[in-house]
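Trainee: Start from chain A and add chains B and C according to the hints.
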Amino acid sequence: MNNIIIGQYIPGKGFFYKLDPRTKIVSVIFLMISVFMLETTYQLLIALGVALLLLVIGQISVLKVAKGLKPIFVLLIFTFVFQIALNQEGVIVSQAVMNFNLYSVLAIVGAFIIWRLLARLGKFKILLFIAFIFGAYFILRYINYANNFYSFNFVIYQKGIEMSLFVVIRLLIIITFTTVLTLTTRPTDLTQGIESLMRPLKKIGFNSEVFALIISISLRYIPTIFDEAQKIMAAQASRGADFREGKLKDKLKQIISLLIPMFIIAFIRSEELADAMESRNFVPGEKRTRINVLNFSVIDLYIGVFTLLCFAGTIVLKVIT
Amino acid sequence: MGIYFNEVTHEYPSYTKKTYKAIQNISLKIEKENEFIALIGHTGSGKSTLAKHMNALIFPTSGSLDIFGNHITQKRDKKIKYNSIRKNVGLVFQFPEYQLFEETVEKDIMFGPLNFKVPLEEAKKKAKEALSLVGLDESYLKRNPFNLSGGEKKRVSIAGILAIDPDVLVLDEPTSGLDPAGRDTLMELFLDIHNKTKKSIIIITHDMDLVYKYFNRALVLKDGELSFDGTPDDLFRSDVLEHNHLDYPNTIKTLKYLKEELKLDIDIYKKNIDEVIKEISRVTSNE
Amino acid sequence: MSLIEVKDVSFSYIEEKQSLKNINIKINKGDWIAILGHNGSGKSTLAKILVGLLEPKSGTITIDGIELNQETAYDLRKKIGIVFQNPDNQFVGVTVRDDIAFGMENLCVPRKEMLERITYYSNKVGMLKYLDKQPSNLSGGQKQRVAIAGILAMRSEILIFDEATSMLDPFTRNDLIDYIKLLNKEGFTIIMITHDVNEAVLADKILIMNQGQISAFDETRNLLKNKEAFEQCHLELPVALNVASKIENKAIKDKLWEYTLMK
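Residue numbers (our numbering), protein chains in the order written: chain A, 1 to 321; chain B, 1 to 287; chain C, 1 to 263.
Quick caveat, the hints were computed from the structure, so don't treat them as lab data. Even glycine gets a Cβ: it sits at the ideal position worked out from N, Cα and C. Take the hints with a grain of salt, since some may be wrong.
[What the hints assert, rightly or not] From the derived model, a few chain B residues whose C-beta atoms are all more than 12 angstroms from chain C: (1) E33; (2) I58; (3) K124; (4) E138; (5) L189; (6) S227; (7) D239.
[Said to hold, decoys possible] Selected chain C positions facing chain B (Cβ under 8 angstroms, derived; list incomplete): (8) R111; (9) S166; (10) H234; (11) E236; (12) V239; (13) V243.
So that you can see chain A by itself, here it is in the shape it has in the complex (with noise of 0.2 angstroms):
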């Protein structure tokens, strides 16, 4: 209850995590870049190479990095199959005949929850989503009778595979670059790396510190919201509204009994939190020092030097190419 990990932070010793957080936000975003720009499939298989060397380098599992890309993970088998499907140039690679008829949407709706019954038990849940879509693959194939509602030809190209593929890997390198950032960097220190990287826009009248303090001030009392609300919903379950219980029309209600009061109790704090800084002689905009400064050390230039070849030398391949 009061231990939610705020981001994606685990804490951990390691190469990244010694890091300056603005060389990780430049690196990642100069890798990202080069990313982009790389042209081939076999390019990317380099990168991606590369990508997992870096893991290594840091002692960080591939596990956590895959546990980074569950919540996409629905993202990256819709952008496989929409490749797939959409993208009708080069060789035909496979073509198929697909029915829907009274029994084949039958067997695919069986199918379905055949799925969805078996996930409840919450293993394999990825490989069971696989084999569901393999299922109605095959379902639409071969149940074949003759009063079709619909059929349609599904032609599988070679170039359609190879866009999934190349956007697919593309996808996995950007997110274990992003994890890599997130797992290695507390976000204290990733707002004070975007702070200290937008300290130049102050010429144009953005204030990135106070910025910056109202980011990790945010953080601090994220948990203690969470806390709040969980008691507040206790206390409205008390009077009879219970948030899993009751009808819709009475959500509307509930919700708004567990809204009003974290507001108020927010405008309270903000009341107290700002006395309290005040007579801690906080003046906003003022000029402050800090106890956590950003160390620029010899393994930044590195990673600087190696950021820098990888971007030189995916414009040196464009260029060629």
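Mentor: This is chains B and C only, laid out in the frame that chain A set:
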């Protein structure tokens, strides 16, 4: 009928350790009527977790509860209407800010009854009754709860639960943050409600003076375990408090000091100032 | 000369109702003053005025010979720190270290010195082991200790506790009070705002506030004899003194006084 705990344990998932046992193996019977119970323990001793079990806001991770005939276990039972348990057991949280949200006191107090499908007119009547029970007059009905003082907000939040007319009332530190005058009036109020309705009332408190003065049963929690269940008098005569780093009531502390310093033959277990004075004059008149 | 001199201070949040009326107080260096009063008596308003969070409508406040106003508030606040009631709503940093540093950062203390002071003062309040901990993993008492360390690190000489113990359980409260005693012995000036008489008797002097006015201000021993002052403001005497006022036996009476004033 009442609230019966049967070897209830509740574990929270924890970041550092595998799980954290907030309460362990609690067996306990609270009857529907005639109980006026003080629940005592340090911060983190599991008092609030125990209280939240009483109206099924949380479920035990092992063991079971019987709340007014509803059998509560780890699993949610679709046959049980958990919401209706809150009609049996009313729980008032420590901070009124957690529950006040309507624009008038009347509407806020009616929120509970209306959730339990009480007709509008009757809910209005209940709001009025509940408000007078907590010692506020009808002029408060149309006021904005957010413009009230701390003590008044607290009363309105208690009225919000009383209006539901629960069989048992549980209050989490209702007297904290109040000045002595406010504290005593509130306690008198609970005692008054208890005497009038016979309903059992359970109050979480740190104040040993109050425990000694008002309650007829005390429960002491230590590290999630029930280390005492009995009358306050027995509690203060035992050594439970010392093992728990808990304080004694001021009357006992004062008399104990006199006894030790002046070598008096005096009974130190006196609940209030009048009794203390009587005891002192008894001792001094003997001399 | 007094360290703090409050002269004819009045204040009102809204026109119709005066929250403070003609307050006059003198506090010497090293004093421990308790400001006692029930909720709404104006004691917290007074605390906010003393640290320059509110500006009095009339009257002056002088700290260490300097008059408190908008120009001097920044410098005077270095001398005077305040610990508020709610431990959670004054913890600014993401970690204990960051929070102790917050005030020093605002004073532009060089980083090297900040680190030294953090080690020293966190050790002093017994929180050295917890420097990397986040507030959600600390108890209320620990958070209040961090707040004290943050003020001490700013080298304040005056500490105001605005009902700082009222949200703590008795065990942690006693712990914090023992610590305040220690600070007072070391020479810090303590102003403790409370509605708990048992806490107030620990101070050298007690000031009773009622409806925005000072209804009594005296040495603790003298003030406790003034039973009317307590009754007028709906305050209770400590149990022992309440008993003492109602019995005749001199020996027992003296012992009860001794018990009350025991530190």
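Trainee: Classify the label on E33/B as holds or violated, using whether its beta-carbon is more than 12 angstroms from each beta-carbon of chain C.
Mentor: holds, 30 angstroms
Trainee: Is it correct that the beta-carbon of L189/B has no partner in chain C closer than or equal to 12 angstroms?
Mentor: Holds, because the least Cβ-Cβ distance between L189/B and chain C comes to about 17 angstroms, which exceeds 12 angstroms.
Trainee: Does E236/C pass the interface check with chain B, least Cβ-Cβ distance below 8 angstroms?
Mentor: holds, 5 angstroms
Trainee: So is S227/B really clear of chain C, every C-beta pair being over 12 angstroms apart?
Mentor: Non-interface label on S227/B holds, nearest chain C Cβ at 15 angstroms vs cutoff 12 angstroms.
Trainee: Does the interface hint hold: is R111/C within less than 8 angstroms of chain B, judged Cβ to Cβ?
Mentor: violated, 30 angstroms
Trainee: Close enough to count: is the Cβ of V243/C nearer than 8 angstroms to one in chain B?
Mentor: holds, 5 angstroms
Trainee: Determine whether the non-interface label on I58/B survives the test: each CB of chain C must be over 12 angstroms from its CB.
Mentor: Check passes; 19 angstroms lies beyond 12 angstroms.
Trainee: Measuring Cβ to Cβ, find out whether E138/B lies farther than 12 angstroms from everything in chain C.
Mentor: holds, 23 angstroms
Trainee: Given a cut of 8 angstroms on the nearest C-beta pair, is the interface hint for H234/C held or broken against chain B?
Mentor: holds, 5 angstroms
Trainee: Min Cβ distance, S166/C to chain B: is it shorter than 8 angstroms?
Mentor: holds, 6 angstroms
Trainee: Quick check on the hint: V239/C CB to chain B CB, less than 8 angstroms?
Mentor: Nearest chain B Cβ about 4 angstroms off; hint holds.
Trainee: Non-interface claim for D239/B: all C-beta distances to chain C beyond 12 angstroms?
Mentor: holds, 17 angstroms
The earlier numbered hint that this structure contradicts is number 8, and it is the only one.
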